[in-house]
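Here the protein sequences come in this chain order: A and B. Each position in the first sequence, counted from 1, maps to that position plus 18 in the working numbering. Each position in the second sequence, counted from 1, maps to that position plus 112 in the working numbering.
Any given hint might turn out to be false.
Unchecked claim - DSSO-like, lysine-lysine: derived pairs with alpha carbons at most 30 Å apart: (1) A:K85 with B:K839; (2) B:K855 with A:K85; (3) B:K839 with A:K64; (4) B:K765 with A:K85; (5) B:K701 with B:K597; (6) B:K293 with B:K486; (7) B:K769 with A:K64; (8) B:K855 with B:K804.
What the hints assert, rightly or not - From the structure, some residues in chain A lie toward chain B, with a derived Cβ separation under 7 Å: (9) N91; (10) S92; (11) R119; (12) V120; (13) I127; (14) T128.
Bear in mind the hints are in silico, worked out from the structure with no lab data behind them. Every residue gets a Cβ at the ideal spot worked out from N, C-alpha and C, and that includes glycine.
One-letter residues, chain by chain:
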Amino acid sequence: MMKYLKQRRKLWGRIRVKTLEVRTTEKNDVMVVYVEGYLNSLLGEKLEEVVAAKLGEGYLKFIINFKSTRMINSVGISIVIGLVEAASEKGATICFTDLSRVNREIFEITGLSDRVTIFDTERDAFEMMSPVA
Amino acid sequence: MKIFWPGGDLNHRKVDVFFGRDRELSTLMRVAEHAPSGAGGCVLLYGPPNVGKTTLLLKFREELLEVESEEPRMFPFYFSFASALGSASRMIYQFMGEYLRQLLSFMGDEVSGGFDLDRVVERLSSHSIYVPVDHIRGVEECLGKGDAVSALALALTLPFAVDKPGIVDMFLFDDFQFSMKIESVPDWAVLSVLRPFVKSGDHTFVISGSSPGIVMSNLKKEGLFGAFSLLEIGGLRSTDSREHLKYLLERRKIAASDEVIGALSERLGGVPIYHKLFVDEVTFEGSQLGDISDVENLYAKSVVEGRLNTYWKEFFESTLRKRRLLAKGIRFLKRVLVDEFPIDTYEGAVGLIGGNQEEADEILNSLEFKGIIKTDFERMSFVEDPVLKDFLFWAYERGIMGRHNSQIASQIVQKNIFRARYPSPEAYKKEILETVKEMLRRWDCQEIPTSLFDYVSFREQYGLKGVLEVLIGVEKEKVKYKLPKVSSVSYGYTIGGKLPRVGFDVVAFGFRNREYTEEALVIWAVEFVADRVLTRKRLEHFENRCRLLSLEKSLAAEQLVKWVIFEGSVEEDALKFAASCGIFLTHMKQLKILFSVFGIEESAPPVEEKIRSTEEPADKTAEEPLEFDLIIPMREDAEVIAAKVAEEISYFKEVDKDTVDRIKMAIIEACINAFEHSGAQNGVVKLRYIIKNDRLEIFVSDEGKGFAPRESLDRKEEKRKRGWGLKIIRELVDEVDVVTGEKGTTVRLVKFLDEEDKVSQYDEVSKAEEETVGEDKGEDS
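So here's chain A without its partners, still in its complex pose:
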């Protein structure tokens, strides 16, 4: 059995977290940002970089879609708070969409939900931000 346990230990070492990704698309001046994976410091920083770059390009309307964000930790949240503050300073509007129930609760606990508007779906957010389209 020892041999088998060793094999198991090897397998244990192979467990990896799924790839983290931030994707963006632009629709009628609204920048939609998709956050995919575990929102930890790594993904948080990626998100921060992307939003900062888009702010630099002059975009002022952001929808951050959390549909594929499976988990969030407090480090990731702190980065998102910083990001929202930075965007507000530049006069940008940020909406969050497609949050799971627990992620929404966490945003409420940390007070983030008071600083951004949260929509159930990306479409709802889009209608608010770009009513003409």
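Given chain A's structure and the hints, the job is docking chain B onto it.
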């Protein structure tokens, strides 16, 4: 008319390897002998899936074709009802097409390319066989009108309508249970059409299926049950099983001794499909079968995550497609097959499954359809299969085939199986000794089978048998050993005075026959050896200490009982030494039986000392809590593993998705706090998950420097937007306790599992799966 279908069920079903069904084959051949005269009779072959029924049937057909007989000649027509996959029109065309094609082939002729009815009829007529074409047109007409039952009746009676002088049909119907699952056709229809032909006694039918109950019940409904002889097909007999394994191993050029093959055959229960899967796995993994431990290792791996696992997993997932039913079905079978609940009535089974009658019916019918259960109207029995038992144990322990992270789940199971849950070998030893002490206290002149104190005779009698089998065997033993009335038990006994100071793990003082005299005094010196191998040297050391004790207490030889409990293997030399000194040897396997004799269960591993739930369970009959340990390194994203394990084990309690997410988030935060603030030198965080009836408790511990928990953020944290961890945890779970000090911090998280919490996820999954089932219905086999 041209019919397009791949044709030739038999083209790809040749019997290359045939082992060990000679007895069954000769029974069938005896039936066949009388078939031409119309006195053959009918046979129902039944057995679990993939046990070799089809191979037997095909081999029987081959043998029949080899027989050179005078007229009338016997034409064995083989048809599998599984090939039509439930569609009435497909089944009808396939039946007729297959019959005519096989008949043509029987005449030594064949038509190549697609199946062209007109050509086949023409060719058959050249052999003086006349097919009533109107009969077939009638089938088409009925199908055109949507009358599937009439079409089926015409199709099934085609063989009897074909004019074939000098030829007698013999019907070999395989997977017959599928004849009762044809869409738009009542389940009794096929048997009802065949009824007059079976009843006449002029035709021979051999029908095979993995669902004797369903088939039998329909045979009874049609009044045909008496016409059939029953032939059960189980695992191969021992010699045949070894021969089969030997053949498969030699074919793959895998070296294995007879001893190894014997052990493997026993493990796999002589079931040919397991032989094949296991040998495939050995080849695929590039493993060796050098000795029995290799067999045990590979077998365990195969059942936990290899091909044997996949085989049964697929079976259950396709048989019980709704997640809820799957969970209930696995739990039910585990209780019956592994824990051996005595169930033999339908009502008993329904009661054991629990829940509503409808669900229980669905589970029992599905399992019956796939051959796991054999039901008659009066009684119910279950397939005997050692691999299935092990799989069920695994599936149950794993949380009823919970999804995701099989590696983590396997890890949990392995931890339970191999006792790695104890924090250290010392803790494990302590637990065992504590239990031994508890048992000794209960000794009161009972008579115990001697083999429980005699490893050699125990090994000879019960070597590879399972615990339950041993229990039954031990109960029947006639030679008993009378225990003393134990008056006191202590941890160890140190011999002092002028003699060297030595001790024992446990010492019990007692009196024979409850006579409280100096002469009747008896001392049990107990030693627990957790080493991999019990050596002679170790026993010599024990024996020396016993001699010292005898000297000091002036004990007669029969007044000191020397008892060594061990866990690993034992040197042959040590066995001889023990016998010569009169040392009782008990392996852990024997000890477990002793525990059960005294109604004692092994203690659960110790929970964190600092914090422990003080509440007693409300219901004392409630299930024992399940406990799992996990140690994760303090490195980035390791907390995800801890969260995933929580998700995995939450399947034990059917917790809804949102609750699982909350628990996961809380664990993530507790782990991150430990990573960031503990400063633990050992670089690990320990987690203990305890699942009780009404709650999930998680302990997250580190051996760091401790911290002062605060409710509000300090200025630095405010600036960094950090410090949310504890606040988030408190919001997400129902109870949070933090004990922190110089030796580390332990955070206890409790999430109560309300009834409301235990619902939606499974219903959602079931709904989704029902949709899938609807789409995939055609592929169900």
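Status of the hints after comparison with the structure:
A hinted pair counts as satisfied when its Cα atoms are at most 30 Å apart, and K85 (chain A) with K839 (chain B) qualifies at roughly 24 Å. This hinted pair does not check out: K855 (chain B) and K85 (chain A) have alpha carbons roughly 42 Å apart, beyond 30 Å. Simply put, K839 (chain B) and K64 (chain A) have alpha-carbon atoms about 25 Å apart, close enough for the 30 Å limit, and the pair holds. In summary, the hint linking K765 (chain B) to K85 (chain A) is supported, as the alpha carbons are separated by about 27 Å, within the 30 Å threshold.
Between K701 (chain B) and K597 (chain B) the CA atoms are separated by roughly 24 Å; this keeps the pair inside 30 Å, and the hint holds. For the hint pairing K293 (chain B) with K486 (chain B), the CA-to-CA distance comes to about 18 Å; that is within 30 Å, so the pair holds. For the hint linking K769 (chain B) to K64 (chain A), the alpha-carbon distance of about 28 Å falls within 30 Å, and the restraint holds. In summary, the hint linking K855 (chain B) to K804 (chain B) is supported, as the alpha carbons are separated by about 28 Å, within the 30 Å threshold.
Checking N91 (chain A) against chain B by beta carbon gives a least distance of about 5 Å; that is within 7 Å, so the hint holds. The beta carbon of S92 (chain A) is positioned within 7 Å of a beta carbon in chain B (closest approach about 4 Å), and the interface hint is therefore held. This hint holds: R119 (chain A) has a C-beta 5 Å from the nearest C-beta of chain B, less than the 7 Å allowed. Residue-level restraint check for V120 (chain A) holds (minimum Cβ-Cβ distance to chain B is 4 Å; threshold 7 Å).
Checking I127 (chain A) against chain B by beta carbon gives a least distance of about 5 Å; that is within 7 Å, so the hint holds. Interface hint at T128 (chain A): satisfied, since its Cβ lies 5 Å from the closest Cβ of chain B, which is below the 7 Å cut-off.
Comparing the model with each numbered hint stated earlier shows that hint 2 is the single one that does not hold.
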